[in-house]
Amino acid sequence: MANTISFCSETMKQYEWLLTRYPTRRAALLPTLRLAESDFGELGVPEMRYVADLMEIPPAFVFGVVTFYTHYRRAGTGKFHIQVCSTLSCALRGSEDVVSRITERLGIKPGETTPCGHFTLSKVECLGSCDTAPMLQCNDDYHEDLSLEDVDQLIEQLRAEAEGGQNG
Amino acid sequence: MAENQTNDGTVAMTSWQLNGQEVENPTGMTIMEAAKEHGIEIPCFCYHPGLSIAGNCRICMVESNRSRKPVISCSEKIADGLEIETESELAVSSRNSVMEFQLINHPLDCPVCDKAGECTLQDHSYEHGPDRSRFVEDKNIRHTKELGPNISIWGNRCIVCTRCIRFCDEISGTSELCIVERGDRSVVDVFPEIPIDNQLAGNTVDICPVGALISHDFKYEARVWNMDRKDSVCGGCSRGCNVEVETLDGFVKRLMPRENLEVNDWWMCDEGRYGWRHLYADDRLSQATRDGTALADDSATAALEQLLSESGPVAFLIDPFLTCEEMHLVQGLAASRPGSSVGGWLPEDGIAANFPSGFKISAAKYPNRAGAEHIFGDQVFGNDATELQKALVSSDFNTVVAFCGGHLSSGPGESWAKALSSTPTSIIFSVKSGPWLEGASLVLPATAPIEKDGTWINEDGRLQRTRSCWNPGTEPFSVELVRLQTLQNALGIRGRSLSAAGIFRELAANNDSFAGHNHSDLGSPGLLLSERPAGIAMDGGSE
Ligand code: SF4
Ligand code: SF4
Ligand code: FES
Ligand code: FES
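Chains as they are written, first to last, in this note's numbering: chain A, 6 to 173; chain B, 3 to 545.
Hint data in this document are derived by calculation from the structure and do not stem from the laboratory. These numbers were taken from a predicted model, which means no experiment stands behind them. Careful, some of the hints might be misleading.
[To be verified] Computed list of lysine-lysine pairs in PhoX-like fashion (alpha-carbon distance at most 25 Å, straight line):
(1) Lys-114(A) - Lys-128(A)
(2) Lys-79(B) - Lys-38(B)
(3) Lys-128(A) - Lys-141(B)
(4) Lys-362(B) - Lys-392(B)
(5) Lys-84(A) - Lys-128(A)
(6) Lys-114(A) - Lys-141(B)
[As the list claims (entries may be wrong)] FRET-style restraints, in silico, Cβ to Cβ:
(7) Leu-97(A) - Met-15(B): 53 to 59 Å
(8) Trp-22(A) - Glu-39(B): 50 to 56 Å
(9) Arg-26(A) - Asn-9(B): 40 to 46 Å
(10) Phe-73(A) - Met-15(B): 52 to 58 Å
(11) Gly-11(B) - Trp-22(A): 37 to 43 Å
(12) Glu-223(B) - Asp-146(A): 36 to 42 Å
(13) Pro-151(B) - Gly-122(A): 31 to 37 Å
(14) Ser-105(A) - Asp-251(B): 55 to 61 Å
(15) Lys-114(A) - Asp-125(B): 53 to 59 Å
[What the hints assert, rightly or not] Residues of chain A clear of chain B, computed beta-carbon distances all greater than 12 Å:
(16) Ala-33
(17) Val-50
(18) Arg-54
(19) Thr-75
(20) Glu-130
All residues carry an ideal CB built from backbone N, CA and C; glycine is no exception.
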């Protein structure tokens, strides 16, 4: 089945540059997936297939890598991907409460996406910001030293942004 | 393994200590392999001799004087001065802990699991595992789904050893499988819409140490401890993969490969594996017929004797599914009827396949062409066959005896069917019904390859012993072997019936190609026809 998607010429240039930075093509898979994610918006079946064919890596291997990491945007992820760190420091500083608060406010459990498609909630492992626990990552931004009020505020702000984005 | 070759060509040895004993093994061996040579079997899950070392299950940990922590014996190599303990407190407690860890999320499925009875997890759990669980949390749930046309995964049972994945990467070279997710959610899967559907896929089920990969063919079919097993050889192609045929209450349930490093390593192809279903196909013959009317077994034997005792020269049409022993009996019959001739038919070639691991599937979809050529001459499927066909078409023979075996083959082609029907008296041994039986005088049901008892010679010239999946004395245990001898007895050219081994002795005494060989020396890897069993002096010249 021919792929109907492909990298834009700018991304392709970056990909070719990446290849010069790694000893083998397979080794460049992680950053290439990053490129694919930013070029295509998410990593679904056609996107993974495209990367596999481009890099001449078995599609199953790419699938395994994409699902291993929590930080790739898989197909069906909401506009805002809220990843709450649940590893030790954050857990000790109340990450469970952060998760419950988000669940309460958005009506979704970890692993779920709101029906409107705006939010996906995940519990993830240490995000390397233990000194500012508890913390979460929303898309590419960190939100640290969270109190439950901070969580409420963040959600309101994101909601406004999502809805505003829809109208505008 | 060039690693242990010294300059003078001998094998370099390493001295080390195993459980307090000074021992020696060839340099470069892993602790696990070396310990096995001294009778100590270290448990393993992810290690498989045919695959690369993954070292992920940790059950094989042993105590080493070179490390504060226990080391994994499947990847750690022996070294001079190394001291290994496999039964020390540290080694035993490491094993026990790994077992407890492996069982945390494992379901109590054994009573309904097809692997039970031959499951490595069950075995190791019995030997090394705790008898109760300290885990009070909920066990996690992973997917149960079809991964391909013949295989499903019971994800909850997967211990993520990656054997199946390494198989698809290294042996079949098809790479359909991967582990998705991570941590305790890890499980084997395929890429969406790319099922595991390669010619060797069935092997992944065999090497799965637990009941995670299940073959649709065998699902809920039998408990493994109730089955009878026979060491057979697959007749699907001229490789002759060594197989174990498992039967339950007189029905074949499953074929599994048997290790033979000279032929098939630990593997077999799916066509051969699932081919046994043809034994029970609707077109399988089970009834003898005389001019179209059904005959009881005794009357069939009598009819065969009568037809042949009255005959002059006989034409014999053989197939490449017959064992060397059966062929020897045919040759005896031909020799007793002056003016007889022998030719053979070959099924059409299939497609050959070569895999990255060196595993091969042959295009020649039959097991014993080489045997026939050693017994009847190298033109038996060539010129002799052409001549025989011509003679039959012009009715030069009054009687023909034809063998139409091979439950997977499409049978002799149209021109042979025509040749057979032009002969006034045609006696046909056939596994299944087909156009070649048109107008036959006597039809005798024949055996499929795995029902035969005897030897075949594969495409490398390797003589291999195949055993019938049935027990001697029960039909259809090697029917032709029995029937041809009964016939020879009746015709007065044989004194008494022998086993396949006895017939082989006659063959070896009469045919230089086989001289020096006998059944008991073939062992499980078989022998090249050119390599005589040790200790038998050959009077030169024949090789
Ligand atoms: S995989 Fe083994 S231990 Fe697990 S349920 Fe099946 S038989 Fe039992
Ligand atoms: S399915 Fe079986 S062979 Fe494959 S990783 Fe799981 S336990 Fe190992
Ligand atoms: S534990 Fe949460 S950032 Fe490290
Ligand atoms: S057998 Fe050694 S780690 Fe699995």
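Hints, verified against the model:
1. Lys-114(A) - Lys-128(A): Holds: Lys-114(A) and Lys-128(A) sit about 10 Å apart, inside 25 Å.
2. Lys-79(B) - Lys-38(B): Status holds; Cα separation ~13 Å.
3. Lys-128(A) - Lys-141(B): Holds. Lys-128(A) to Lys-141(B) sits at ~18 Å (cutoff 25 Å).
4. Lys-362(B) - Lys-392(B): 36 Å, violated
5. Lys-84(A) - Lys-128(A): It holds: about 17 Å lies between the C-alpha atoms, which stays within 25 Å.
6. Lys-114(A) - Lys-141(B): 19 Å, holds
7. Leu-97(A) - Met-15(B): 53 to 59 Å: Holds - the Cβ-Cβ distance for Leu-97(A) and Met-15(B), about 55 Å, lies within 53 to 59 Å.
8. Trp-22(A) - Glu-39(B): 50 to 56 Å: 52 Å, holds
9. Arg-26(A) - Asn-9(B): 40 to 46 Å: 43 Å, holds
10. Phe-73(A) - Met-15(B): 52 to 58 Å: The hint (52 to 58 Å, Cβ to Cβ) is violated, given that Phe-73(A) and Met-15(B) are roughly 43 Å apart.
11. Gly-11(B) - Trp-22(A): 37 to 43 Å: 51 Å, violated
12. Glu-223(B) - Asp-146(A): 36 to 42 Å: Given about 56 Å between the Cβ atoms, the range is violated.
13. Pro-151(B) - Gly-122(A): 31 to 37 Å: 36 Å, holds
14. Ser-105(A) - Asp-251(B): 55 to 61 Å: Once the Cβ atoms are compared, 58 Å apart, the range 55 to 61 Å for Asp-251(B) and Ser-105(A) holds.
15. Lys-114(A) - Asp-125(B): 53 to 59 Å: 39 Å, violated
16. Ala-33: 18 Å, holds
17. Val-50: 5 Å, violated
18. Arg-54: For Arg-54(A), whose nearest Cβ neighbour in chain B is about 8 Å away, the distance does not exceed 12 Å, so it is violated.
19. Thr-75: Answer for Thr-75(A): violated, closest chain B Cβ roughly 9 Å.
20. Glu-130: 8 Å, violated
Violated hints for the displayed structure, listed by number in ascending order: 4, 10, 11, 12, 15, 17, 18, 19 and 20.
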